[in-house]
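Trainee: All chains should be modelled from the sequences, with the hints used to inform the complete structure.
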Amino acid sequence: MAFKQSLMENDSILLKAKAENWQSAIKLGTDMLVSSGAITPHYYDAIIHCVEKMGPYIIIAPNFAMPHARPEDGVNRTAFALVTLDKPIYFEGEDEPVDVLVTLAGSTSDQHMEGLMEVISILESEESETGVDLNKFRQCHCKEDIYAVIDQTLGA
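The opening residue of the sequence shown carries number 1 in this note's numbering; numbering runs sequentially from there.
The hints are simulated quantities; they were obtained by calculation from the structure and are not laboratory data. In this text the structure is predicted, and so the values were computed from the model without any measurement. Heads up, a few of these hints could be off.
Below 27 Å or equal to it, Euclidean Cα-Cα: the simulated BS3-like pairs (lysine-lysine) are [stated by the list, open to error]:
id: 1; residue 1: Lys143; residue 2: Lys27
id: 2; residue 1: Lys27; residue 2: Lys16
id: 3; residue 1: Lys4; residue 2: Lys53
id: 4; residue 1: Lys136; residue 2: Lys87
id: 5; residue 1: Lys53; residue 2: Lys18
id: 6; residue 1: Lys136; residue 2: Lys4
id: 7; residue 1: Lys27; residue 2: Lys53
id: 8; residue 1: Lys16; residue 2: Lys87
id: 9; residue 1: Lys136; residue 2: Lys53
id: 10; residue 1: Lys18; residue 2: Lys136
id: 11; residue 1: Lys4; residue 2: Lys87
id: 12; residue 1: Lys4; residue 2: Lys16
id: 13; residue 1: Lys4; residue 2: Lys27
id: 14; residue 1: Lys27; residue 2: Lys136
id: 15; residue 1: Lys4; residue 2: Lys143
The calculated label-pair distances, taken between Cβ atoms and stated as ranges, are [to be verified]:
id: 16; residue 1: Glu94; residue 2: Glu9; range: 28 to 36 Å
id: 17; residue 1: Lys16; residue 2: Thr153; range: 14 to 22 Å
id: 18; residue 1: Glu9; residue 2: Thr153; range: 18 to 26 Å
id: 19; residue 1: Ser109; residue 2: His49; range: 15 to 23 Å
C-beta: ideal position from N, C-alpha, C; glycine also.
Mentor: Encoded structure:
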């Protein structure tokens, strides 16, 4: 499933949200996907358990996390949720805070990788030191702004 279509179908965009810690930031995204039926509540628990066990593997670029777990951990269908935070949160052991999260629920390993690659392609930037331009999402004020960024980046 395409990133934009998933965000629309699952009504899973939350901008300038408040989160007290990394666990509550992750819950914002998973709650939207639980509400849509894309995942079960167990998926959130699996993400938290994996981060506690393996460290913040979900941070894939400075200031950007992609919470995810295995398909068998409660994924009903492939889906995404996008959350931007009003104030960044820190993960234990990390120097850089996170303020943009894209929750990925892949129903198969292939869809998991395809989803990851699509989101990265939207955020790619040659101008940025990290190669990722999170301002594309940070500057959005409504869902329509997010859709426009995706369309513009993917040439839709």
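Trainee: Work down the list of hints and note, for each, if the structure agrees.
Mentor: Results for each hint:
1. Lys143 with Lys27: At roughly 19 Å apart (the allowed maximum being 27 Å), lysine 27 and lysine 143 satisfy the hint.
2. Lys27 with Lys16: Since the Cα atoms of lysine 27 and lysine 16 sit roughly 15 Å apart, the hinted pair holds (cutoff 27 Å).
3. Lys4 with Lys53: Violated, because 31 Å separates the two Cα atoms, which is more than 27 Å.
4. Lys136 with Lys87: holds, 17 Å
5. Lys53 with Lys18: Between lysine 53 and lysine 18 the Cα gap is close to 25 Å, so the pair holds against 27 Å.
6. Lys136 with Lys4: holds, 14 Å
7. Lys27 with Lys53: Given that 27 Å is the threshold and the Cα spacing comes to 18 Å, the pair holds.
8. Lys16 with Lys87: Roughly 8 Å between the alpha carbons, so the hint for lysine 16 and lysine 87 holds.
9. Lys136 with Lys53: Cα-Cα ~32 Å, so violated.
10. Lys18 with Lys136: Given pair lysine 18, lysine 136 holds - Cα atoms ~19 Å apart, limit 27 Å.
11. Lys4 with Lys87: Roughly 25 Å between the alpha carbons, so the hint for lysine 4 and lysine 87 holds.
12. Lys4 with Lys16: Holds. Lysine 4 to lysine 16 sits at ~19 Å (cutoff 27 Å).
13. Lys4 with Lys27: Measuring from Cα to Cα gives roughly 20 Å; hence the hint holds.
14. Lys27 with Lys136: Holds - the C-alpha atoms of lysine 136 and lysine 27 are around 23 Å apart, at most 27 Å.
15. Lys4 with Lys143: OK: lysine 4 and lysine 143 at ~10 Å, within 27 Å.
16. Glu94 with Glu9: 28 to 36 Å: holds, 32 Å
17. Lys16 with Thr153: 14 to 22 Å: With a Cβ separation near 21 Å, lysine 16 and threonine 153 satisfy 14 to 22 Å, so the hint holds.
18. Glu9 with Thr153: 18 to 26 Å: Since the Cβ atoms of glutamate 9 and threonine 153 sit about 19 Å apart, the hinted range of 18 to 26 Å holds.
19. Ser109 with His49: 15 to 23 Å: Since the Cβ atoms of serine 109 and histidine 49 sit about 19 Å apart, the hinted range of 15 to 23 Å holds.
Taken one by one, the earlier hints fail for this structure at numbers 3 and 9, listed in ascending order.
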